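Chain residues, written in single-letter form:
Protein chains: 2
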Amino acid sequence: MSQYRPPLSDIRFLLQHVFDIDAHSRATGASLDLDTALAIAEEAGRLASDRIDPINRAGDVHGARWKDGEVSTAPGFADAWRAFREGGWSALRFPEEYGGQGLPMAISAVVDEMWHAASISFALCPMLTNGAAEALLTAASDTLKATYLEKLVSGAWTGTMNLTEPQAGSDLAAVKTRALAQADGSYRIHGQKIFITYGEHDMAENIIHLVLARTPDAPAGVKGISLFVVPKFLVGTDGRLGARNDVRCASIEHKLGIHGSPTAVMLFGEHEGAIGYLVGEENRGLETMFIMMNEARFAVGLQGLAISERAYQHALAYARERVQGKALGEDGSQGTSILRHPDVRRMLLGMRSHIDAMRALAVYVAMQKDIAHAPDNDAGERDAAQRRMEFLVPIVKGWFTENAQHITSDALQVFGGMGFIEETGAAQYLRDARILTIYEGTTAIQANDLVGRKTLRDDGATAAALLDAIETDARRLEAVDGRAAASLRAALAQSCAALRAALLWMRETQATDARAVYAGAVPYLECWGLLCGGWMHARRLLAATTLADAGTLPDASAMSAGYFAEHALSRIPGLAASIMSGASFALHFPDSAW
Amino acid sequence: MSQYRPPLSDIRFLLQHVFDIDAHSRATGASLDLDTALAIAEEAGRLASDRIDPINRAGDVHGARWKDGEVSTAPGFADAWRAFREGGWSALRFPEEYGGQGLPMAISAVVDEMWHAASISFALCPMLTNGAAEALLTAASDTLKATYLEKLVSGAWTGTMNLTEPQAGSDLAAVKTRALAQADGSYRIHGQKIFITYGEHDMAENIIHLVLARTPDAPAGVKGISLFVVPKFLVGTDGRLGARNDVRCASIEHKLGIHGSPTAVMLFGEHEGAIGYLVGEENRGLETMFIMMNEARFAVGLQGLAISERAYQHALAYARERVQGKALGEDGSQGTSILRHPDVRRMLLGMRSHIDAMRALAVYVAMQKDIAHAPDNDAGERDAAQRRMEFLVPIVKGWFTENAQHITSDALQVFGGMGFIEETGAAQYLRDARILTIYEGTTAIQANDLVGRKTLRDDGATAAALLDAIETDARRLEAVDGRAAASLRAALAQSCAALRAALLWMRETQATDARAVYAGAVPYLECWGLLCGGWMHARRLLAATTLADAGTLPDASAMSAGYFAEHALSRIPGLAASIMSGASFALHFPDSAW
Numbered sequence: 001m002s003q004y005r006p007p008l009s010d011i012r013f014l015l016q017h018v019f020d021i022d023a024h025s026r027a028t029g030a031s032l033d034l035d036t037a038l039a040i041a042e043e044a045g046r047l048a049s050d051r052i053d054p055i056n057r058a059g060d061v062h063g064a065r066w067k068d069g070e071v072s073t074a075p076g077f078a079d080a081w082r083a084f085r086e087g088g089w090s091a092l093r094f095p096e097e098y099g100g101q102g103l104p105m106a107i108s109a110v111v112d113e114m115w116h117a118a119s120i121s122f123a124l125c126p127m128l129t130n131g132a133a134e135a136l137l138t139a140a141s142d143t144l145k146a147t148y149l150e151k152l153v154s155g156a157w158t159g160t161m162n163l164t165e166p167q168a169g170s171d172l173a174a175v176k177t178r179a180l181a182q183a184d185g186s187y188r189i190h191g192q193k194i195f196i197t198y199g200e201h202d203m204a205e206n207i208i209h210l211v212l213a214r215t216p217d218a219p220a221g222v223k224g225i226s227l228f229v230v231p232k233f234l235v236g237t238d239g240r241l242g243a244r245n246d247v248r249c250a251s252i253e254h255k256l257g258i259h260g261s262p263t264a265v266m267l268f269g270e271h272e273g274a275i276g277y278l279v280g281e282e283n284r285g286l287e288t289m290f291i292m293m294n295e296a297r298f299a300v301g302l303q304g305l306a307i308s309e310r311a312y313q314h315a316l317a318y319a320r321e322r323v324q325g326k327a328l329g330e331d332g333s334q335g336t337s338i339l340r341h342p343d344v345r346r347m348l349l350g351m352r353s354h355i356d357a358m359r360a361l362a363v364y365v366a367m368q369k370d371i372a373h374a375p376d377n378d379a380g381e382r383d384a385a386q387r388r389m390e391f392l393v394p395i396v397k398g399w400f401t402e403n404a405q406h407i408t409s410d411a412l413q414v415f416g417g418m419g420f421i422e423e424t425g426a427a428q429y430l431r432d433a434r435i436l437t438i439y440e441g442t443t444a445i446q447a448n449d450l451v452g453r454k455t456l457r458d459d460g461a462t463a464a465a466l467l468d469a470i471e472t473d474a475r476r477l478e479a480v481d482g483r484a485a486a487s488l489r490a491a492l493a494q495s496c497a498a499l500r501a502a503l504l505w506m507r508e509t510q511a512t513d514a515r516a517v518y519a520g521a522v523p524y525l526e527c528w529g530l531l532c533g534g535w536m537h538a539r540r541l542l543a544a545t546t547l548a549d550a551g552t553l554p555d556a557s558a559m560s561a562g563y564f565a566e567h568a569l570s571r572i573p574g575l576a577a578s579i580m581s582g583a584s585f586a587l588h589f590p591d592s593a594w
Numbered sequence: 001m002s003q004y005r006p007p008l009s010d011i012r013f014l015l016q017h018v019f020d021i022d023a024h025s026r027a028t029g030a031s032l033d034l035d036t037a038l039a040i041a042e043e044a045g046r047l048a049s050d051r052i053d054p055i056n057r058a059g060d061v062h063g064a065r066w067k068d069g070e071v072s073t074a075p076g077f078a079d080a081w082r083a084f085r086e087g088g089w090s091a092l093r094f095p096e097e098y099g100g101q102g103l104p105m106a107i108s109a110v111v112d113e114m115w116h117a118a119s120i121s122f123a124l125c126p127m128l129t130n131g132a133a134e135a136l137l138t139a140a141s142d143t144l145k146a147t148y149l150e151k152l153v154s155g156a157w158t159g160t161m162n163l164t165e166p167q168a169g170s171d172l173a174a175v176k177t178r179a180l181a182q183a184d185g186s187y188r189i190h191g192q193k194i195f196i197t198y199g200e201h202d203m204a205e206n207i208i209h210l211v212l213a214r215t216p217d218a219p220a221g222v223k224g225i226s227l228f229v230v231p232k233f234l235v236g237t238d239g240r241l242g243a244r245n246d247v248r249c250a251s252i253e254h255k256l257g258i259h260g261s262p263t264a265v266m267l268f269g270e271h272e273g274a275i276g277y278l279v280g281e282e283n284r285g286l287e288t289m290f291i292m293m294n295e296a297r298f299a300v301g302l303q304g305l306a307i308s309e310r311a312y313q314h315a316l317a318y319a320r321e322r323v324q325g326k327a328l329g330e331d332g333s334q335g336t337s338i339l340r341h342p343d344v345r346r347m348l349l350g351m352r353s354h355i356d357a358m359r360a361l362a363v364y365v366a367m368q369k370d371i372a373h374a375p376d377n378d379a380g381e382r383d384a385a386q387r388r389m390e391f392l393v394p395i396v397k398g399w400f401t402e403n404a405q406h407i408t409s410d411a412l413q414v415f416g417g418m419g420f421i422e423e424t425g426a427a428q429y430l431r432d433a434r435i436l437t438i439y440e441g442t443t444a445i446q447a448n449d450l451v452g453r454k455t456l457r458d459d460g461a462t463a464a465a466l467l468d469a470i471e472t473d474a475r476r477l478e479a480v481d482g483r484a485a486a487s488l489r490a491a492l493a494q495s496c497a498a499l500r501a502a503l504l505w506m507r508e509t510q511a512t513d514a515r516a517v518y519a520g521a522v523p524y525l526e527c528w529g530l531l532c533g534g535w536m537h538a539r540r541l542l543a544a545t546t547l548a549d550a551g552t553l554p555d556a557s558a559m560s561a562g563y564f565a566e567h568a569l570s571r572i573p574g575l576a577a578s579i580m581s582g583a584s585f586a587l588h589f590p591d592s593a594w
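Heads up: the sequence lines are chains U and R, in that order. Everything in the first sequence is counted per UniProt numbering, starting at 1 for the first residue and increasing by one. Everything in the second sequence is counted per UniProt numbering, starting at 1 for the first residue and increasing by one.
Looking at chain U on its own, in the form it has when it is part of the complex (with noise of 0.2 Å):
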């Protein structure tokens, strides 16, 4: 099996010469420094390779297990998360007053995604609970923070976000689950949810379920939705835990793959209904959750680059290792390694330029979230930052989701014959990877969203504003030799004039066809990923052939920048040709004859 290796070298670039961590910290007051991240990311790596990584296999074969209402984790699941908690690491990024590091999210997105990579099935518990923690950081009354959030941000209890519904997956409009108002300010919830993550399991002593649901005189409609703390066991004043709450794991999803995490169908009010309080104000729920979905939806894309980095590696180790015929043009009468393959080099430099994007654009995206959200900033530094995050964070969920099942395809493919098997490991990678795309929102609700809220209803202002950065980029290319360079100074060119002409298109035609520009939402938004990939390609390049002294830095980063720029960025133009072609014949095609 394989043993994951942190990136670390790839995370000492990024944070060092592309984007100066040092500087980010100055500019939005943190107190982190190059050598404590560096620190952070290897203790990280650490635990990540010694205690998450080898609970990996176990939670794939073994999985969550349910039995009357009970759910027992894979062997070592709960050890791993003790491990996690007494290291710190639930709290990283949450304010020291609440137990927390406060660290800037730079630092948190690189940790996250090695948490991922090692393990997402054991990964999804801290990120559901960091999602609970933020909810109610964001809105929640001071005796809701002062009871739920030193446990959550410490660990000592996880949480879930309890949204979807039989009839209310993406359109939460549809949402049934009741909450009735008590004289004491509390509310009795009655309903099923499903699909709830870690909505049940042994590995903490509380579940702290948010819970979408609607009082009796809501309006109709996403408007009429309010959010709920639910606790698995009642918390007395003092903190200590009492009754079971009237909440219930039915049972639990066979899935095709994150088996160790417990994906649950939950039961609330089945008798005198759960009792639970309210977030914020009534009806104003969705809000709460939108704010938290950038959040949630990044660190999906965070999953996506994890496990195409976990695949990749363990391609890579198997490439070097099997010998299967002679390589053409190659010595070897006794064989090559397989990495000697045109074919299969070609598929592993595929795999590694698009983690080598990937990798940089979620510290970029963070980084905009550090410089959004710094007190110090003025309003309008903060503001571009917060518009060009939301910006990003569909094409980081839609885009990095998307590549993960190209790479752990690919990944799989590698191995030949033993890809299929699953003892090899790689079929886990692809079976994990493939809800990536589906959760926290579908690759077309993301491009919805890119279309729609994130580019025309500012009329492309943001989007404009982006393009405008990136060919500013592309420019600094000239000062660099080579092939490499040049062709992606070409490519990012030719894209962003490709990028134009579809935003042009897509503005004059969204008045008359909405449907047609919606139609090619999900091409609008691989473009989008493929030129921010590009872009990041070229600030890594101009970044690498600065240093002195890289060994084969400048090299890699170069033939790596190269590949993306003349077998990735070849197909915008494609793409943005299918975009502007509106699609009329898929909406046109008549019912009767599909």
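Hints are computed from structural coordinates only; laboratory data are not their basis. Treat the numbers as computed from the prediction; the structure is a model and nothing was measured. Warning: the hint list may mix true and false statements.
Just so you know, same-sequence chains aren't split out, so a pair can sit in one copy or run between any two.
[As the list claims (entries may be wrong)] Subject to a maximum C-alpha distance of 25 Å in a straight line, what follows is the list of computed DSS-like cross-link-like pairs (lysine-lysine): (1) 176 x 223; (2) 223 x 326; (3) 67 x 223; (4) 326 x 176.
With chain U fixed as given, assemble chain R onto it according to the hints.
Just chain R now, kept in the frame of chain U:
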């Protein structure tokens, strides 16, 4: 669960209007008319949907099980096999003298698609049995034919292909299994074979293994490999089963998919040596295998088409039923079926347009084989058909099976969260499909074959002739009105030009930098797949527009064709650029920097 519906109306359209099976039968001396062909397809469709489709899920969930060297297949498999045999389906394309029906490939291709669509795991058994029968028919002595062929053709016995060994996967030159000649003319076989499909099972009274092995004095490499028949039970001169041969199933694999198909580790000659009989001459085993390979690769291509069709049908049925959200720009305050959402339509027509293209290409290639084998045709015509068929087989194998990855993944995506739940069935298609780009030669191996043997060996003559034929049909689209025909005509012309440029580059570069040419092999194969798909859409559209009273057929054909032109053929310029860039970055990436 899905009820598989055989695509009878498309089969009728292809056999009647696009390709004219009556004219084809006359030209190839086959005694098959349209009505008979459609009656056969209908009858096969009934067996596929009524008897084989229902066991598909049991195959997945229960799987084949090994105990003490015996393998029991999943519930229903043995009964389905009995029904299949009794219907005479195993015998469809074999000569009448061995109990077959002597039908052309054009009909067996459409029928074989149905078996694979109903259950790939089940259909692998007749597929391998046909392969073994084909090998004997091609190269075995009359005695061997008399002993084994009729039983294989009738399906009383089944067959296997034993090529792979742990160190000899794609590289058969590394085969180590030994064969020692005996005084009586038989051989004793010793060695281990892996990945043997249906190597052991309980569905037939005997299993006939075809085994690649080396005699002691054989030359090294592929020129020293011989082919042997090794029956599980020895067969007496009276045709009765005798003693158990010295061959044993040591275990079966735990795989990502096709759980119903046992994949065996076979041990030959643990004791005195397994008794085997030479097929053809010593050291010429690989030649026989190569003749069969076109057959087997074509069959795996059909599996790609088949699982795509099944996944598409299931996703379409769900999209019709599932109500979620309100589709943009449409009525439906109570929600609309997701079939009305633009991106769902985009995904579904993307699948459909690829399936339409693949099925037409499958029939076309099958007809080339019929023409090549028709005894009354002149040698020039037969030779041209043979060369075109050999050119297209790696495209069918490589492109169809890569398409199957995307189509089964998109089908799962249509289901949203439900797609990730195993009970839905969509995940099984994705898992089953994943082997298709690997076995019978990976996509890279198909692509290398297409570049080397099929394109460069005759200096691009076969490729150029095919481009001429495609351009001729593209010009015929001038007579067809509408945007679809115009888009398709333009895209085909542009694609042919791009392929001609790539061909020229390949011919010029092969002498100086063969590795660069082969680094572009997979994109080259993808270009050809897309181009041939577009060509088939031209043939379909030309046929559909000449029909009066064809209901929605002309519209549906035009929209499928137009979509393919604007969203699939649009990928060709980028792919052609990738080919001609030579992937130099991948080839020269520093080994120490991976």
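Structure-based check of each hint:
| no. | hint | in the structure |
| --- | --- | --- |
| 1 | 176 x 223 | within (13 Å within a copy, 71 Å between copies) |
| 2 | 223 x 326 | between (65 Å within a copy, 16 Å between copies) |
| 3 | 67 x 223 | neither (38 Å within a copy, 60 Å between copies) |
| 4 | 326 x 176 | between (63 Å within a copy, 17 Å between copies) |
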